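Generate coordinates for the entire structure from the input sequences, incorporating the hints supplied.
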Amino acid sequence: MTVDVQYYVLLSMAVFCIGLFGVLTRRNALLFLMSVELMLNAANINLIAFSFYHGNLTGQLFALFTMALAAAEVAVGLGIILVLYRNFRDVDVTVPTTMRW
Amino acid sequence: MMIEALIAVALLGALVTFVAPNRIAGKLAFAISLVPAAISLWLFTAFDGSGNALLDGELAFESQTAWLEIGDYSVSWFVGLDGISLPLVVLTTILCTLAIVSSWTPIDERESQFYGLVLFIEANLIGVFAALDFFVWFIFWEAVLIPMYLLIGIWGGPRRKYAAIKFFVYTNVASLVMFGSFIALVFGLGDSVTSFALPEIATAMVNGGPEGLFGLGGTALASVVFVGMFLGFAVKVPVVPFHTWLPDAHVEAPTPASILLAGVLLKMGTYALLRFNFTMFPDQVELYAVPIAAIAVISVIYGAMLALAQTDLKRIVAYSSVSSMGYVILGLVASTQFGVGGATFQMISHGLISGLMFMAVGVIYNATHTRMVTDMSGMADRMPIAVGILIAGAFGYMGLPLMSGFAAEYFIFFGSFGSELLAYSALFTSVAMFGIVIVAGYLLFALQRTVFGPYSLETDYDVGRAPVHDVASMVVLLGLIIALGVAPDLIFDMITDAIDPIIGGER
Amino acid sequence: MAGLATDPFGFAPAIAVFPLVAFVVALLFGEHLPKKGALPGIIATAGSLAISLVMFVAVGGGKTHHATLYEWTNGAAQSATGVETIAFSFGILIDPLSALMLVIVSLVALLVHVFSLGYMNAEGETGLPRYYAELGLFTFSMLAFVFADNLLMAFMFFELVGLCSYLLIGFWFRTKSAPSAAKKAFLVTRFGDYFFLIGVVAIAATFGTVGFAGEESFVTAAETAIDNEATLFGFDAQTWVTITGLLVLGGVLGKSAQFPFHTWLPDAMEGPTTVSALIHAATMVAAGVYLVARMFGYYALSPTALAIIAFVGGFTALFAATMGVVKDDVKQVLAYSTISQYGYMMLGLGVGGYVAGVFHLMNHAFFKALLFLGAGAVIILMHHEQDMWEMGGLKDKAPVTYYTFLAGALALAGIVPFSGFWSKDEVLFDALIVGLEQPVILAAYAMGLIAVFFTGVYTFRMVFLTFHGEPRSETAEDPHPVGWAVKAPLIVLGVLAALTGLVNMAPVAHVLGVDITFLEFWLDGEYGAVEGLTYHEYSETVAFGESYVGSETVTMLLSAGLSLGLALAGAFTAHTLYNVPEPDRHMTKLGGAYGLLRRNYYQDEYQVWLAEGLTLPLARAADRFDQTVIDGVVNGTSTISLFGSDRLKRIQTGIVTNYAALLVGGFIGLLLVLGYIGGWFA
Amino acid sequence: MAVLELPDWTALAPALILAGTALVLFLLDSINPRSTNRSLLAGTAVVGSLASLAVAVWYTAAGVGATGIENHGVIDIMGGQFIVDQLALYFMIIIAVVTALVTVASYDYLRDHTYQAEYYSLVVLAATGMSTMAASNSLVTIFIALELTSLPSYALVAILKDNRGSVEAGLKYFLIGALSSAIFVYGVSLVYGATGSLQLEAIADGLGGAGEMGGLLGLGILMLIGGIAFKTASVPFHFWAPEAYEGAPAPISAFLSSASKAAGFVLAFRVFATAFPLEATTAIIGVDWTLAFVILAIVTMTVGNFAAATQENVKRMLAYSSIGHAGYVLIGLAALSADGGELVMGAAMMHLLVYGFMNTGAFLFVGLAEYWGVGRTFEDYNGLSEQAPFACAAMAVFMFSLAGIPLFGGFWSKYLLYTATIDAAADNAILLVLAAALVVNSALSLYYYSRLVKALWIEDPVTDRDQLAKPTGLYAAIIAAAVITVLILPAFGPIADAATEAAAAIIV
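Protein chains in written order, with the UniProt record's numbering: chain U, 1 to 101; chain B, 1 to 507; chain C, 1 to 682; chain D, 1 to 508.
Note that these hints are calculated values from the structure, not bench results.
Predicted, not measured: the structure shown is a model, and the values here were computed from it.
Some hints could be false.
As the list claims (entries may be wrong) - What the simulated footprint calls covered on chain C by chain U, stretch by stretch (three residues with Cβ under 8 Å from a Cβ of chain U suffice, anywhere in the stretch; the number is not a length): (1) 648 to 657; (2) 660 to 668.
To be verified - Some chain D residues flagged as far from chain U (calculated, every beta-carbon gap over 10 Å): (3) S30; (4) L198; (5) L216; (6) A283; (7) Y371.
In this text, a Cβ means the ideal position worked out from N, Cα and C, and glycines have one as well.
Rendered as structure tokens:
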């Protein structure tokens with residue numbers, strides 16, 4: 001038995017919004033990163049679902065790329081968070097405000 | 001190719017001077033500037049054009065080469081001279097040379113940069129008057145602002161920064177408005193034009209005009225564009241109420257910059273008005289004649305009144321320029337041979353006379369380090385010759401017969417008094433003519449306070465005779481002023497020949 | 001040059017060119033020349049005089065000259081009378097009138113140059129080259145103005161003489177008063193010239209020509225226009241001619257110092273007395289009147305204009321004469337008398353008395369020049385003291401000065417047989433006969449008549465205070481001697497002042513019935529004239545009716561007797577009041593009037609107020625408005641945009657989560673807009 | 001030699017060369033991480049970028065990607081995942097040029113920096129990503145190229161590890177970047193859902209079948225716009241830009257603000273011109289997507305210019321001005337109309353090219369100032385012209401050119417954008433607002449650009465400095481940029497043609 005595609009879409013949207021909510025509310029850099037991961041995964045859900053829906057593998061393939069690049073992104077992100085901590089003694093993203101206006 | 005030569009010499013000269021050592025820069029620039037002056041005088045004698053450059057007249061020294069394609073329109077390097085632009089080119093080259101000479105005394109820092117910029121401005125000014133393609137013209141038109149901005153800003157007086165940036169932004173904004181309107185016009189003309197060559201556009205305008213754009217009908221568009229361009233140029237001229245940048249710029253600018261500013265830059269505005277608004281929009285001129293004449297008259301009287309209230313010699317001359325430019329507008333809107341011709345003549349004449357005035361004021365300033373009427377008196381006692389020339393210049397400004405100023409003003413008055421196009425022409429003219437009384441008022445007042453009476457000076461400098469080179473350059477100008485006053489036909493024939501097609505059409 | 005034999009007029013331009021050359025020479029080399037440039041001036045003016053006399057003779061011989069020298073410019077005219085093209089040129093018109101005037105001007109100029117040797121050089125003035133250069137320039141301009149053949153040329157040189165007057169009044173520029181007087185003189189006359197220029201432009205734009213004489217003259221054009229009942233600039237031709245005529249008259253009133261533009265002339269006495277003699281008595285001030293005579297044909301077309309001219313003339317004559325009565329400075333007295341005398345000429349011309357006007361112009365030129373030079377001599381005697389109350393008793397110490405001055409005084413007062421009497425009497429006679437028809441003119445005549453009395457008073461008051469009685473100061477005790485350069489011109493002018501009246505003794509002619517009114521014949525083209533510029537043609541045009549008390553002769557003798565009587569009465573009054581050992585000012589007798597007259601009827605006050613009390617504050621207000629409102633708007637625009645910028649950049653708070661929020665917010669906003677339009681939420 | 005014989009994949013040579021250079025630099029890095037042989041490292045990078053430039057120019061000249069008999073036609077690679085046409089080559093040129101200028105300048109800028117090699121390799125790697133982006137023809141490759149550009153960029157911005165500004169900038173850039181890429185990917189997924197494919201032409205074909213998913217597709221497209229807006233620093237995805245440009249090392253700011261922006265725009269042009277043809281898309285999503293760009297353009301140029309007007313920090317002013325220019329370039333999409341529009345898109349491309357010189361030059365001058373250590377604010381720049389007239393003259397040229405004053409390259413492209421807008425406005429009156437905004441903003445920009453010129457040339461120095469050094473690399477880069485900025489004015493014809501053709505290549 002199959003599930004209609006729009007349920008997947010609704011699910012992914014929910015996940016996306018959760019991630020977005022996290023991005024907007026979390027001050028901790030790591031949580032920020034995780035939320036972004038959520039949003040990316042929401043996209044992945046879509047891709048897989050639509051891949052089935054359209055009956056071609058492009059979506060799944062793209063999903064793989066997304067994961068890979070997400071990992072790379074996290075790697076760079078962690079590096080930056082590291083130097084952030086080194087310079088500001090904190091991983092709160094709202095702390096560094098030396099540049100504004 | 002002669003025009004290219006003119007511009008090239010000035011440009012290269014600018015580069016050379018820019019890198020030359022400071023101490024020789026002045027003399028070097030002078031030597032270089034003699035070349036364009038000589039060439040332009042030769043052009044003057046060799047002039048073989050006839051008719052108006054925009055309305056298929058015979059161009060002199062024409063040259064055209066394709067440049068680039070913008071969509072359906074082609075832009076080309078297109079220059080040439082007619083009876084209107086040639087005298088202005090000559091005026092430019094002569095005034096630039098004299099301006100360089102008159103800066104030998106006052107300019108004592110970063111000379112090479114200064115003289116480089118003066119030559120650079122000369123190149124662009126020549127370009128403005130010689131260009132016959134809109135983009136070529138516009139590029140030179142805008143490029144003039146940069147050196148002038150720096151001249152005022154670097155070598156100017158105490159409030160130079162404010163004055164410079166005000167001048168720069170104000171005039172640039174005006175250019176933007178004008179540019180916008182003109183582009184709209186060109187698109188409005190639709191398929192009837194295929195290039196930005198001004199003659200082509202002018203011809204298209206005169207027979208037919210635009211088809212319309214943005215849902216505006218042809219006439220409506222033309223009217224809107226006319227207003228837009230008039231406003232754009234009005235700032236440059238300047239006419240009241242867009243004049244407030246002028247006194248600031250003049251007062252702060254160093255003498256040579258003032259000479260060029262009043263002598264040539266203001267003429268850019270009136271020249272553009274003549275070339276664009278009054279050549280391309282015969283119907284709109286007719287439509288807006290009365291308001292424009294009103295603006296002109298207001299400029300004349302109001303400008304003169306402002307001059308009357310000043311105590312700074314440069315401010316006086318600056319405001320009187322506003323007044324004189326008002327005459328030009330009046331002559332243009334009259335759309336008669338003597339009116340438009342007189343207006344053009346006034347451009348030249350005022351260029352010479354205001355140049356002379358600023359030179360004389362500059363000489364006095366160099367000696368006294370003040371321009372305040374209240375700070376000095378009896379200067380005639382110390383620098384008789386310079387003062388004598390100053391007085392001569394002042395009377396030239398007042399329109400003394402046998403000097404160019406009178407010829408110009410008389411032509412304008414005569415041309416506008418009986419204008420059939422302008423309603424109430426006699427009334428407008430009579431009111432505007434009252435300017436000749438006010439001008440006498442403030443100039444004589446200034447003379448009485450500064451050059452006559454017992455000698456006294458607030459600033460502690462010992463005033464001696466004016467330097468020979470300054471006197472010499474002033475004498476040259478005075479000579480030209482008198483020559484044109486005695487024999488206006490030296491240029492007036494050529495001018496009227498060029499403006500006849502403009503007024504010839506349906507009036 | 002065989003030119004002189006065949007056509008003397010070939011040399012006409014030289015009349016003006018000589019002084020121009022003198023101007024250049026004096027300006028450039030004056031410092032190095034003996035007499036500091038006086039000699040070029042004298043030679044040049046002598047030359048001009050010579051050629052002028054040749055012209056005079058030639059005209060007497062029936063020839064006239066009208067030629068265009070040089071075309072200034074030409075072009076399309078928008079004339080209301082349908083003339084297609086117009087040419088502005090410099091031309092020479094030598095007819096009886098201009099020939100006469102040329103002689104007068106060049107003669108007086110020569111004499112003044114000579115006199116200057118004594119008055120300026122001998123007194124060790126500095127800046128003499130400037131002085132003589134300006135004198136030369138003036139003579140050039142004046143002579144060119146005189147033989148101008150068109151209105152524009154006339155205007156040009158009219159302005160130039162104004163410039164010279166400005167420069168010469170301000171000759172002693174190191175003082176405070178002289179420059180101010182010069183400024184005033186130029187401004188007031190400029191104000192008149194403003195109307196003049198409008199007139200010139202209007203006439204040119206109306207008739208498409210500015211010529212004085214011939215078929216292409218604007219006079220002829222005006223006549224035709226009136227005959228065709230054309231409509232010009234929305235008026236019928238008659239009115240328009242009047243309007244333009246009055247506009248030109250503005251310049252005339254300014255130059256000839258007629259009410260209300262008379263205020264500059266007394267101040268102009270700040271200049272050297274020689275200048276006052278040449279410019280502010282004999283020639284430049286005459287330019288206005290001369291212009292009216294020159295284009296008399298035009299005014300003749302408009303009775304209204306004529307009546308106004310006559311009335312202004314008559315009024316000014318009286319008005320100025322009364323002020324002359326109370327002045328202490330000898331030059332001031334002469335200045336007001338000059339104003340008053342030109343009033344007479346205006347009166348004469350206004351009533352159509354073309355001959356009378358010109359006659360008085362000529363006589364006045366001589367006797368007023370004489371009086372001024374005489375005053376100059378007195379000033380030398382008195383070591384540059386000008387207050388008559390410091391003088392007295394100079395009669396015996398300087399006989400030449402005294403008797404010549406006396407001749408001038410008699411002429412001025414109009415005592416028979418001196419020149420002034422004949423011309424003034426003729427003016428009054430013409431005014432009277434027209435006045436009997438026209439009440440306005442009659443009023444003008446009355447004023448002119450009363451003025452005769454005051455003329456007598458101030459003239460002889462001057463004579464008595466200066467020369468008679470006891471010396472009232474030690475300088476008057478032993479005056480500074482004067483040289484031949486001073487005396488010679490005085491004598492020449494003295495003779496002329498005594499005799500020139502004899503050229504037109506109308507009453508005598510009438511009584512004896514002999515043709516001795518030579519000037520009238522001269523101006524009437526008996527000897528030679530340009531078509532249309534003759535007395536009788538003018539008289540035909542003038543629309544005034546005339547009538548007489550009894551017969552013409554009776555009227556003539558009556559008016560002559562009347563004026564002579566009044567003059568004598570005035571002289572006698574002066575005699576009783578001032579020809580006493582210890583004269584006093586008699587302020588009390590005059591009472592309030594005294595103050596009023598001393599203050600010149602507050603004319604200067606209100607004019608100064610117009611300039612400084614009204615115009616200047618207005619200008620200041622305009623300036624304030626300009627600085628605050630207009631410039632305020634300009635600066636305000638930039639201020640506002642910068643303020644906006646300062647606010648706008650605050651959205652960049654620096655806190656990254658805010659960025660995320662704003663980013664998402666913006667995105668959602670965009671989504672809503674597009675989604676709404678695209679109907680995605682349906 | 002003729003391009004004909006070469007296999008298709010070589011068409012990607014400009015990108016591949018950059019990739020190779022990056023690898024070489026990695027190699028050098030691994031051999032000696034502490035190497036401070038600046039000439040070697042910088043040299044390699046410069047040579048690589050110049051080689052890439054040379055090849056790209058040669059291809060363009062040889063007619064690779066150009067249609068027509070004598071040319072080689074558009075070249076598809078990997079079944080249309082990549083495509084090399086004039087558009088791709090045009091932007092490869094821009095990117096290579098900027099990379100070259102930046103690497104040359106970095107030679108001096110990084111003189112006492114510890115990890116030279118990693119810096120250069122990262123720069124070249126990012127350049128590779130951009131170059132690839134120019135040729136990417138499928139959302140997959142586009143996304144990869146995007147990340148390939150972004151990740152090194154994050155690192156580069158934060159590369160001054162002990163500089164709080166640099167780190168803060170890196171953080172903000174990264175966070176916003178991550179968020180944007182997430183949105184972008186989600187958009188991709190939606191588009192995929194609606195059309196069933198990721199290859200651009202295929203998407204265009206698939207549009208027909210997306211009937212009932214119009215809303216989803218619209219949202220997807222909007223999200224793609226978001227991703228692009230981030231790369232091009234357009235409002236509201238611009239918030240990272242001011243800080244990133246201000247905090248990053250000046251050459252990196254130059255690199256990001258010029259090359260990265262250009263890459264973002266080529267993306268936008270290709271995706272929207274190829275995958276979402278106007279009528280077809282409008283038919284599905286019920287709204288003309290150019291409207292989105294109209295709004296973005298107006299808001300972006302306004303925010304950028306107004307915020308720039310009152311900046312005190314020169315670098316930050318340039319950052320905002322760069323946002324403003326993004327707004328100008330967006331006109332290239334905003335004024336696109338169903339019937340053609342290569343003129344307006346071409347104008348946008350010309351502007352990007354000129355911008356590549358004048359803006360890079362401007363930031364490099366700031367780099368020079370940082371190298372001198374004179375300070376960052378306008379006041380600190382006062383009177384620099386007395387010590388370094390030529391550099392300051394160059395800076396004046398950049399400023400006036402950015403302001404669009406004639407006599408410099410910036411004039412043509414800007415006024416072409418304007419004329420194109422007016423031209424298009426004839427059919428679509430809302431564009432008049434856009435044109436008006438352009439004029440108003442240009443007027444305002446005059447103020448702050450001339451303000452910097454004022455500081456350099458007119459103001460007197462507040463502190464008296466001693467003689468300033470003349471670092472060869474920086475000077476060379478700046479002067480070169482200035483000279484070209486001037487020369488572009490007379491030589492604008494070919495550029496205009498190239499850009500217009502490139503635009504015509506993708507506008508169907």
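Structure-based check of all given hints:
Requiring three or more residues with a Cβ within less than 8 Å of a Cβ of chain U, the coverage given for the stretch 648 to 657 of chain C holds, as 8 such residues are present. Against chain U, the stretch 660 to 668 of chain C contributes 3 residues with a C-beta closer than 8 Å to a partner C-beta. That satisfies the three-residue criterion, and the hint holds. With a cut of 10 Å on Cβ distances, S30/D stays outside the contact zone with chain U, its closest approach being about 18 Å. Against chain U, the non-interface label of L198/D is violated: not every CB pair exceeds 10 Å, the least being about 5 Å.
Once the 10 Å rule is applied to beta carbons, L216/D is inconsistent with being away from chain U; the minimum gap is 7 Å. Residue placement check: A283/D keeps its beta carbon more than 10 Å from all beta carbons of chain U (closest about 21 Å). With a cut of 10 Å on Cβ distances, Y371/D stays outside the contact zone with chain U, its closest approach being about 21 Å.
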